[in-house]
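Peer 1: Given the coordinates of chain Z, work out where chain E should sit on it, guided by the hints.
Order-wise, the sequence lines are chains Z and E. Heads up, the first sequence is in the working numbering, so the first residue is 1 and it goes up one at a time. Heads up, the second sequence is in the working numbering, so the first residue is 1001 and it goes up one at a time.
Since the hints were made in silico from the structure, they are not lab data. Do not rely on the hints blindly, as some may be mistaken.
[Claimed, not checked] Which residues of chain Z face chain E? A few of them, derived with a C-beta cut under 7 Å, are:
1) Ala99
2) Gly169
3) Arg188
No residue lacks a Cβ here, since even glycine has one placed at the ideal position from N, Cα and C.
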Amino acid sequence: MISPGSLARRARGALRYAGGRDAPEVGTTPRELVWSRDTARLWRYRGDAVTSGPPVLVVHSLVSRSYVLDLYRGNSAIAFLLRAGLDVLLLDWDAPDEADAENTLETYVDDYLPRAIAAACTATGAHELTLLGYCLGGDLALLAVARHPELPVRNLALMATPVDFSHMGALSALVRAGRLNAADLVDRSGNVPAASVETAFRLLKPTAEAAQYANLWQRLCDEEYVAGYQAMNRWVHDHVPFPGAAFGQLVEQLVRDNALMAGTLELGGRRVDLGAIRCPVLSIVAERDHIVPLKAAEPLPRLVGAQDAGELRLRAGHVGLVAGRSAATVTLPGIADWIRGHGVAAAA
Amino acid sequence: MADRPLWRQAFDAAERALGGPAEAAVRSEAFNDALAAALRGQRWAQQEVERRTRRVLHMANVPTATDVRLLSQQVASLQREVRRLRREQEDAG
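Looking at chain Z on its own, in the form it has when it is part of the complex:
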């Protein structure tokens, strides 16, 4: 039975939530734009003291907003890495429009990423860096290093990065051969609309939204919970379109041919050899990840040519790798330790 006092507190919470009042500001860690090209943006975050090098360049996914990595004060992966003494940069992507519809995977892997890496080295004065990819950003980082072993990448850390697309479940089922082609899913701008991306993610757990509302109702009196819910809820409904040409390659090669596993992926007429990756690699996988299931990410260390290729397996979900309590207590300390362990003390 709900007491009148509890009901009143809940009503206040509900009003705050409905009015969007007290919604925490997202992406507040101070940063500056150090390089940009079309939709690609390279940010450098301002930390107190860098005690460990080389700088860390986080590569974000193409289909979601990067503020999930810097959600709000007290719940920010970026702020955590800064406090760990790392120099942190982020490469993210603004929403693509018609001019970006012809962007292929090569556009990202052969053009934006190498240029962003060069710009990151110039901005920090470093001669090498650690790449930290998240989700599809992990695939971009993986492919860039495989295709350009000359890039100054000291370490490669990849969070929830799918390589075996036969295990991507409902996300890939719709575009398997014989069903829809990539062209069927692009809109007039030539890109896959953000709403379709969101619907695809929602279909993965059809009852998740109802469960989230139940959690919210149960904890409406908890201001901290409601604030966190608002920030996360905003992110969950804030996707960006997927550039059409890159989506076509993803469907044809990564999903239908499962080309990363088969070793048959070709970009720019050249076969991608993951065995060419010799730098230390860490694959961070989440056991409860419903977007990139464990089986889709698990084979990664076996595919690269690095002798130092390991896995950090965590009892977390896809987003729990970078946001929330499990990120702050388990994932991020593990990642920071690995990066520092594979780095060097920063010059005073």
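Peer 2: The following block gives chain E in isolation, referenced to the frame of chain Z:
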């Protein structure tokens, strides 16, 4: 269990009962075939409406969505060309 209110226990039980089958359903061949057919149908209907209204709108000298799309494709193409030239200039300089 004891900390959770009754309504929540009921909700969780229902979610446990429905969640698994719902997830299995969206992964099923039948669901994906149906969804693919629905999306194809929606696209066809959209194109059909556009085709049928185009003639009427053109008679009234009103630009159609197709005209706007063609224009924006031309702008996008120009934008890509500018980007390419800028890139070449940067690489050369």
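Peer 1: Now, for every hint given, state plainly whether the structure supports it.
Peer 2: These are the hints, each one checked on the structure:
no., hint, verdict
1, Ala99, "holds (4 Å)"
2, Gly169, "holds (6 Å)"
3, Arg188, "holds (5 Å)"
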